[in-house]
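**Q** Okay, here's what each chain looks like letter by letter:
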Amino acid sequence: MRSLTQLRRSLHSPIFWARTLQIALLCVVTVVMLGAGKSRYDRLGHELMCSCGCAQILLECNHVGCPDSARMIGELHAQLDSGNSDTQVLQWFEAKYGATILAAPIRGGFDNAAWIVPAAIFILATLGTFGIVWLWKRRSLALAGTAGLGGDLAVPGDLNPQDAALRDRIRRETEY
Amino acid sequence: MPEFGSFCLLLALILTAYNFLVGGVALWGASPGGLRITAIPEARWNRLGETARRAGIASFVVLCCAAFALVWAAFTNDFSVEYIRAHSNIALNPAYKFAALWSGQEGSLLLWAFLLSAYGFVLRMRHRVDVRLSAFASVILAAVQVFFLLLLTIAATPFSIAPGAVAADGAGLNPLLQYPEMVIHPPMLYLGYVGFAVPFAFALGALMMRYPGEKWIHITRRWTMVTWLFLTCGIFMGAHWAYSVLGWGGYWGWDPVENASLMPWLTGTAFLHSVMMQEKRGMMKNWNVWLIFSTFMLTVLGTLLTRSGIISSVHAFAQSPIGAWFYTFIILVFLVCLITFLLRRDHLKSENKLESLVSRESSFLFNNMILLAACITVLWGTLFPLLSEAVTGSKVTMGAPYYNRVNIPIGLFLLFLTGLGPLLAWRSTTLRSIRRNFVLPAIFMVATALVLIIAGVRPWNDGDDMESTFFSLIAFTLAAGVITAIVEEFTRGASVVRTQTGKNLLSSMLLLTHRNTRRYGGYIIHFGIVVMFIGIAGGAFNRAAEMEMGYGDTLAIGPYRLVCQSITQDSKPEYDTDYAVLNVYRGNSYVTQLAPEKRTYFAGTDHEQSSTIVALHSRADADLYTVFEGRNPDSGRPIIKVFLNPLIAWIWIGVAIVVAGTFIALVPNLVRTPVRLRQGDSVAVPPAAALGATHVVARVPHA
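The listed protein sequences derive, respectively, from chains V and L. In terms of numbering that gives the first Met the number 0, the first sequence opens at residue 0 and continues consecutively. In terms of numbering that gives the first Met the number 0, the second sequence opens at residue 0 and continues consecutively.
Honestly, the hints are just simulated from the structure, not real lab data. Some hints here could point you the wrong way.
Restricting the straight-line Cα-Cα distance to at most 27 Å, the calculated cross-link-like pairs of lysine-lysine (DSSO-like) are [stated by the list, open to error]: (1) K348(L) to K279(L); (2) K214(L) to K279(L); (3) K136(V) to K279(L); (4) K136(V) to K348(L); (5) K348(L) to K214(L); (6) K279(L) to K95(V).
My request is simple: use the sequences and hints to build the entire structure.
**A** Put into structure tokens, the structure is as follows:
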């Protein structure tokens with residue numbers, strides 16, 4: 000009974016939530032760090048396209064009679080057996096078939112832009128939203144301070160009271 | 000008939016141009032700051048505007064005739080028409096002859112124009128909802144229509160006559176398109192694409208005329224939702240078609256054409272969320288206007304990518320050099336939007352500001368940012384091969400591995416926001432309410448994660464697929480949290496209704512939903528999206544096996560055994576077929592019989608074309624997916640590939656739930672019944688403006 004009360008109390012404590020978050024993050028990081036990568040054949044086979052023009056991943060190319068996939072799979076096995084690193088295997092395929100044989104741009108140089116831009120957009124979108132909210136919140140507080148009104152009641156300067164009342168009414172009528 | 004069709008197109012162009020030019024002049028003439036010629040009274044300008052509206056209505060009738068002329072030519076095997084010769088043949092099934100209307104570039108552009116005129120017809124017939132705003136929207140739609148009709152009469156004419164002698168038979172329809180879903184999927188997708196032109200026209204019109212308030216949003220709310228629904232159905236029908244026909248075991252290949260349909264869906268979804276901010280709090284007006292502008296431009300870009308062939312795609316079925324037309328049009332639309340925005344931006348000032356980071360508003364903002372980030376990411380990936388070629392001189396492939404790596408984290412963050420957003424209050428959420436709302440979902444999330452780990456979903460042990468298993472675990476965990484949050488919202492609301500009405504919990508839930516269809520319909524849509532995420536996450540556990548099979552051979556995969564019963568060849572008027580009959584057992588019990596097929600089409604074509612007909616046994620836990628890959632040229636025996644795809648059916652179930660939720664959200668709210676009045680009582684009275692919204696409760700001083 001006492002422990003239940005303690006648990007209830009701790010649920011109200013910010014320290015409890017901060018620690019829970021820390022543990023959760025630690026778990027996530029641990030899970031990410033643990034475990035081996037994909038098997039090389041499977042992983043590399045999924046990073047290559049079939050060269051027959053079917054626009055399929057090499058290991059997913061599904062036509063019998065495909066002039067290329069069987070040969071390419073054989074070449075992949077041969078490359079893996081030769082002891083080449085992943086990069087060397089992919090470079091070998093790229094040298095033989097051209098850059099379009101790689102299922103994703105991984106050659107470095109300008110190809111890096113393909114990866115950097117989405118990550119940058121994601122980070123900028125997240126940080127940007129935080130920034131916008133913070134800025135708006137500050138402005139809202141400043142407005143409330145100078146006008147003596149809460150942000151919710153503030154009316155833009157160019158709105159006459161009639162328009163403001165009309166908008167207010169529309170909003171009320173569409174309340175959900 | 001081709002002459003009649005061509006004449007109809009020309010007449011439609013004239014009528015639409017009249018609608019655009021004369022309608023525009025009438026609006027300008029009647030506007031206070033415009034071409035106000037004092038000698039001409041306003042009523043005359045209005046009468047001129049009315050003639051433009053009627054021309055717009057007539058253009059719909061004429062375009063109906065044009066579409067009919069093309070379908071008629073297909074049904075009567077009129078191979079003097081080049082388009083019919085190229086996309087139909089005598090033996091073609093009548094349903095696919097009808098589908099020939101949109102199976103080629105010219106026909107699909109005619110479908111665009113026809114659907115746009117149909118939307119315009121409804122808009123112009125319902126103009127009394129707001130005569131002036133509807134007139135603006137009608138003129139803008141007419142401008143878009145003029146572009147498509149110019150394209151149809153100059154660059155991509157569907158009724159052009161085939162050179163030389165009339166062919167005895169046509170080339171036939173692409174075998175991949177000869178599938179029942181393909182009769183519905185393209186028009187559905189086009190209804191989605193074209194439909195976004197309506198909210199776009201209203202938004203641009205409202206901005207041009209400095210329309211006060213948010214009425215344009217109320218008018219277009221149902222348009223936008225229906226359009227979004229069509230696009231959603233179109234996209235998932237396409238995914239289902241790819242799953243059932245292409246025979247590679249998947250449903251989404253991140254092909255440029257698929258991406259083209261996904262991008263407006265993402266921005267359209269963002270728009271549906273952010274308009275609530277404008278309705279509720281008068282915020283994000285600039286943002287909303289640009290979201291709908293972008294969505295419309297992305298639909299045009301989608302049509303360009305599908306039809307122009309600027310980016311190679313496995314299923315861009317019609318390609319030709321009409322790119323320049325579309326580039327010009329997109330640039331023009333962008334310039335018009337930008338100039339109007341710059342001239343009228345003072346009209347879009349926000350009435351309120353965000354007050355707290357932990358509020359419904361900020362969750363909407365995050366949701367919008369992430370949806371937009373996903374859209375830009377997809378656009379970036381789609382256009383990167385062109386950019387790479389321009390910069391480095393060599394093209395690259397942007398395949399599924401790229402998109403999966405980039406988009407899965409974004410998708411999971413969106414899933415998280417789907418659950419989080421509705422739990423937050425408008426303006427600001429207190430710590431206490433956060434605790435109250437989040438404890439149960441958090442408990443369910445932890446419990447789900449533990450159960451899954453105990454059941455064997457352990458990324459750290461899954462050497463081959465650590466990354467995908469990890470993301471699946473996260474997706475399942477988040478899904479559990481979101482579903483709990485949605486159920487909690489329903490039960491909490493229903494228990495209040497139950498207390499008030501004394502009904503049981505189910506009836507209370509129904510009443511609650513009917514009282515606020517938009518909110519609870521929205522929750523059902525969210526639930527459908529979560530179910531879809533579960534189905535997508537199941538993809539991490541897909542298995543495949545392949546075997547050369549003879550009579551009596553057995554192939555085992557997961558809990559199933561497939562025993563080959565026969566291998567048969569058959570000949571139909573249009574194709575030869577080769578198929579295997581497989582008995583499926585689960586343990587020792589017989590389950591079903593599957594017959595994967597490989598068809599070789601020859602009718603009407605210059606060369607043979609093959610197509611896969613997948614045989615599928617679908618259950619809620621997994622799909623057993625069999626493909627007849629072909630025969631081994633040495634042994635002559637068929638090669639059968641089998642996939643065991645867990646939870647795929649959840650995706651289609653999720654779509655059905657989304658459709659149901661959208662229909663519920665479209666139903667008007669239950670209006671409170673007026674009561675007999677005493678002095679000072681509350682009463683339900685209809686709103687002054689026909690806003691199609693809930694009735695207001697007003698206080699009357701005296702009965």
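**Q** A separate judgement is required for each hint: does it hold in the structure or not?
**A** Right, here's what the structure says about each hint:
1. K348(L) to K279(L): Between K348(L) and K279(L) the Cα gap is close to 15 Å, so the pair holds against 27 Å.
2. K214(L) to K279(L): holds (12 Å)
3. K136(V) to K279(L): Satisfied, since the Cα-Cα distance of roughly 18 Å is no more than 27 Å.
4. K136(V) to K348(L): holds (16 Å)
5. K348(L) to K214(L): Given pair K348(L), K214(L) holds - Cα atoms ~16 Å apart, limit 27 Å.
6. K279(L) to K95(V): Status violated; Cα separation ~60 Å.
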